[in-house]
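2 protein chains.
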Amino acid sequence: MLVKKLAADVSAYDGKQVVLQGWVRTNRKGKNIGFLVINDGSCFANAQVVYSAEQDGFDEIAKITLGSAVEVTGTFKATPDGKQPFEIQAEKVEVLGMCDHDYPLQKKRHSFEYMREIPHIRPRANTYYAVFRLRSVLSMAIHTFFQERGFVYVHTPVITGNDAEGAGECFTVTTRSDDHYEKDFFGKHAQLTVSGQLHVEPFALTYRNVYTFGPTFRAENSNTTRHASEFWMIEPELAFADLDDDMDCIEEMMKFCIRYCLEHCPEEFAFFEKMIDHDCVKRIQKVADSHFQRMTYTEAIEHLLKAKDQFENQDIFWGMDLQSEHERYICEKIVDGPVFLIDYPKDIKAFYMRVNDDQKTVAACDLLVPYVGELVGGSQREERYDVLEQRMKDMGMNQDILQWYLDLRRFGGCKHSGFGLGFDRMLMYMSGIQNIRDVEPYPRTPRNLIF
Amino acid sequence: MLVKKLAADVSAYDGKQVVLQGWVRTNRKGKNIGFLVINDGSCFANAQVVYSAEQDGFDEIAKITLGSAVEVTGTFKATPDGKQPFEIQAEKVEVLGMCDHDYPLQKKRHSFEYMREIPHIRPRANTYYAVFRLRSVLSMAIHTFFQERGFVYVHTPVITGNDAEGAGECFTVTTRSDDHYEKDFFGKHAQLTVSGQLHVEPFALTYRNVYTFGPTFRAENSNTTRHASEFWMIEPELAFADLDDDMDCIEEMMKFCIRYCLEHCPEEFAFFEKMIDHDCVKRIQKVADSHFQRMTYTEAIEHLLKAKDQFENQDIFWGMDLQSEHERYICEKIVDGPVFLIDYPKDIKAFYMRVNDDQKTVAACDLLVPYVGELVGGSQREERYDVLEQRMKDMGMNQDILQWYLDLRRFGGCKHSGFGLGFDRMLMYMSGIQNIRDVEPYPRTPRNLIF
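Chains S and E, in that order, give the protein sequences.
All residue numbers for the first sequence refer to numbering that gives the first Met the number 0, where the first residue is 0 and numbers rise by one.
All residue numbers for the second sequence refer to numbering that gives the first Met the number 0, where the first residue is 0 and numbers rise by one.
FYI, nobody ran anything at the bench for these hints, they're computed from the structure.
Quick caveat: nothing in here was measured; it's all calculated off a predicted structure.
Glycine included, C-beta positions come from ideal geometry on N, C-alpha and C.
Treat the hints with care, since some could be wrong.
Here are the computed lysine-lysine pairs in the DSBU-like style, where the Cα-Cα straight-line distance is at most 30 Å [stated by the list, open to error]:
#1 Lys-3/S - Lys-254/S
#2 Lys-187/E - Lys-182/S
#3 Lys-182/E - Lys-182/S
#4 Lys-182/E - Lys-187/S
Far from chain E, by Cβ distances over 12 Å, these chain S residues were calculated [unchecked claim]:
#5 Phe-145
#6 Asp-178
#7 Pro-265
#8 Asp-320
#9 Gly-431
Partial selection, computed: residues in chain E whose CB lies under 8 Å from chain S [stated by the list, open to error]:
#10 Gly-56
#11 Thr-174
#12 Phe-185
All chains should be built: construct the whole structure from the sequences, respecting the hints.
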């Protein structure tokens with residue numbers, strides 16, 4: 000019997016005998032009565048088990064340590080006037096696995112840093128217990144959103160030979176201990192993917208609407224709270240769609256995911272609100288209820304110039320890359336809500352973004368949201384062979400390696416658009432968790448590879 | 000307007016004006032009339048567009064090449080007596096992207112080998128077009144099955160430092176071109192994961208029921224039709240569950256996935272039946288309707304000994320690893336349906352499998368199905384610290400690296416079980432496709448890394 004099931008229908012189980020398995024969260028013993036709080040993994044809530052001095056083995060039950068696995072047989076009792084909605088009057092408590100006394104998770108608050116050293120144990124601590132369930136639910140929200148709309152899920156490859164894009168530093172994948180890659184497993188240099196976008200575009204030009212959802216990698220030696228070497232990305236791609244269609248899809252997806260998670264994780268969000276970030280539910284609920292505004296990069300620069308004095312980086316000019324403080328100013332002070340910045344200078348954006356008629360900007364969009372700044376980046380893709388080829392030349396890219404990608408423009412190409420959502424950052428945004436290391440089951444960062 | 004939507008409600012659209020975008024599959028011109036068959040990616044079925052010599056631009060439409068992207072405006076016409084259920088009487092056909100004449104996909108049958116050279120184009124060919132949609136639908140079936148049952152989805156890491164298991168050869172992940180891994184990005188040797196199981200077990204000991212679904216890797220230099228260097232695996236793990244519970248879960252999952260796919264991909268399966276494997280639907284339907292039997296390895300060996308003469312490998316003895324011909328004999332000739340073989344000799348199974356009371360066998364199960372043999376492998380995990388530690392010693396494993404895994408047995412350990420399903424093989428099994436290279440979007444195999 001699962002706690003989730005019992006909690007969902009307290010009156011139906013009142014007075015019934017139940018058998019539960021779970022792990023001990025606390026064990027308090029008084030003179031005549033003891034309380035064993037167990038969690039069985041099925042939901043955030045615990046079950047309180049009451050045992051009494053009158054029953055066999057009172058002292059043994061009292062000795063059950065924190066973290067132990069137990070099986071409880073007892074009578075379910077609705078407690079409408081109690082702090083918990085129900086409790087279990089124990090008849091029998093069997094220890095399935097006693098927890099040793101050097102259990103790393105004692106009944107006190109541990110620091111996030113300490114917890115990162117014990118990724119095999121920390122899911123049992125409330126914060127992580129809530130985060131990793133939300134991670135699962137948000138994954139399902141993503142799949143549900145796209146599949147219900149007929150998008151085809153594509154497993155783009157993790158290992159790629161496609162190192163032309165140059166989006167940050169890459170990990171090499173090899174079976175050798177030198178750089179004779181021509182003799183390597185694949186007969187050439189191979190690396191971990193930095194993005195599935197180029198690989199998924201051919202599928203958009205087949206199925207119209209597609210998405211990837213998988214791990215991506217960066218070998219950047221940067222130790223920030225927002226960067227990990229391994230993280231999951233969602234990269235949808237839509238054929239016959241321009242930048243406006245792209246933004247409509249982003250907006251719809253964001254709202255769907257927020258509502259889905261609020262609906263499926265009410266206890267987890269109540270916990271985040273209480274313990275992690277008081278405003279998190281209000282913040283995302285507001286996003287779900289907003290109309291996402293749209294503003295050009297050029298307009299944004301004008302706003303920033305007027306407010307120059309407020310920034311740490313005061314060197315504001317057209318053509319600059321916006322920093323987080325600038326992005327937050329735009330969405331928090333100017334718009335007071337989510338906003339798409341569009342039409343960025345082409346020199347600060349990727350080669351595949353469609354050049355606008357002004358020849359200076361590209362049809363890109365970044366979704367900025369209060370509290371974090373950029374959350375999603377998208378663009379209409381350059382579908383004109385000549386323009387794309389010229390842009391690759393201008394940027395000094397190796398055309399040979401991406402000839403297949405160029406060829407998509409010769410073989411029934413059409414206007415298409417797509418975007419990328421960093422899954423882990425979305426999770427941080429929703430929960431209020433400040434460090435990407437605390438939303439990933441086994442975070443990988445420079446000089447940090449535990450298990 | 001999507002073809003899928005039109006096809007689903009032909010009578011509602013009869014006589015209405017519609018606008019479609021899609022890619023030209025064929026274009027036949029007669030003297031007074033022409034037929035443009037387009038596919039818009041929304042479903043397997045094409046839409047037939049009729050254009051006539053009486054309209055403007057007849058000759059231009061007739062010149063539209065195979066593979067081109069077009070937008071068609073016309074009148075939808077239900078054709079209950081025709082070969083297709085509907086057609087579009089064109090008013091206007093606009094070319095969005097003309098396809099060049101060196102288009103690699105001409106109107107003839109191409110070999111699978113040829114197709115593998117053009118992974119950016121082949122999704123448009125019927126076989127791949129059907130396979131990759133099924134791939135997406137089967138993914139969703141997996142997620143739906145587990146999420147509906149409260150399983151938590153865990154993103155186990157792709158990069159791991161955990162090279163103790165020794166399950167086949169591994170890819171190194173590095174930013175260096177020598178083997179000074181102590182100076183490497185992570186400060187030690189890192190590799191691509193071969194299985195998420197060890198990393199997911201801590202989550203089962205927290206959430207009770209969990210699963211992974213992600214890419215895994217093998218650097219084995221074997222060129223077979225069933226091995227790829229990168230493939231996706233599903234690895235569920237169930238706490239408080241023994242081998243019987245594990246098999247129940249496998250059986251339920253298999254049946255659910257088959258029914259889900261048959262329901263969501265009827266056109267794709269009709270195609271597979273006609274063009275790839277006449278028996279595929281019958282075969283999987285039978286599995287969905289079967290009770291999965293259970294037989295010990297020891298019994299299986301007895302059956303095989305009696306039928307020895309029928310095998311290529313006639314060296315049958317207790318303790319041997321069964322080969323595909325043996326597995327198929329058991330499920331096809333002896334059982335005539337899906338069967339779990341259980342209680343394998345411990346010497347041919349992994350260190351983490353629970354040792355049975357006979358001390359000779361482990362609580363493992365392999366699901367054998369007609370036509371392919373083994374499809375799923377599972378086991379109850381060794382939850383006894385001492386037994387697990389001894390087994391690791393016996394197998395010469397480095398205990399230091401897996402001390403965290405051993406410790407799970409000291410910190411509230413309990414009986415638990417899990418299994419692994421090779422996603423790509425499941426897809427082969429369902430579709431009848433014979434080569435794993437033809438069910439993966441960008442297959443990676445020795446000396447083969449395209450894009």
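To see whether the hints hold, each was checked on the structure:
1. Lys-3/S - Lys-254/S: holds, 27 Å
2. Lys-187/E - Lys-182/S: holds, 24 Å
3. Lys-182/E - Lys-182/S: holds, 24 Å
4. Lys-182/E - Lys-187/S: Since the Cα atoms of Lys-182/E and Lys-187/S sit roughly 24 Å apart, the hinted pair holds (cutoff 30 Å).
5. Phe-145: Not fine: 9 Å to the nearest Cβ puts Phe-145/S too close to chain E.
6. Asp-178: Violated: least Cβ distance 4 Å, not greater than 12 Å.
7. Pro-265: Since the minimum Cβ distance to chain E is about 15 Å, Pro-265/S lies beyond 12 Å and the statement holds.
8. Asp-320: Given a closest Cβ separation of 25 Å, the condition holds.
9. Gly-431: holds, 20 Å
10. Gly-56: violated, 19 Å
11. Thr-174: holds, 5 Å
12. Phe-185: holds, 4 Å
Hint compliance for this structure: hints 5, 6, 10 are broken, all remaining hints hold.
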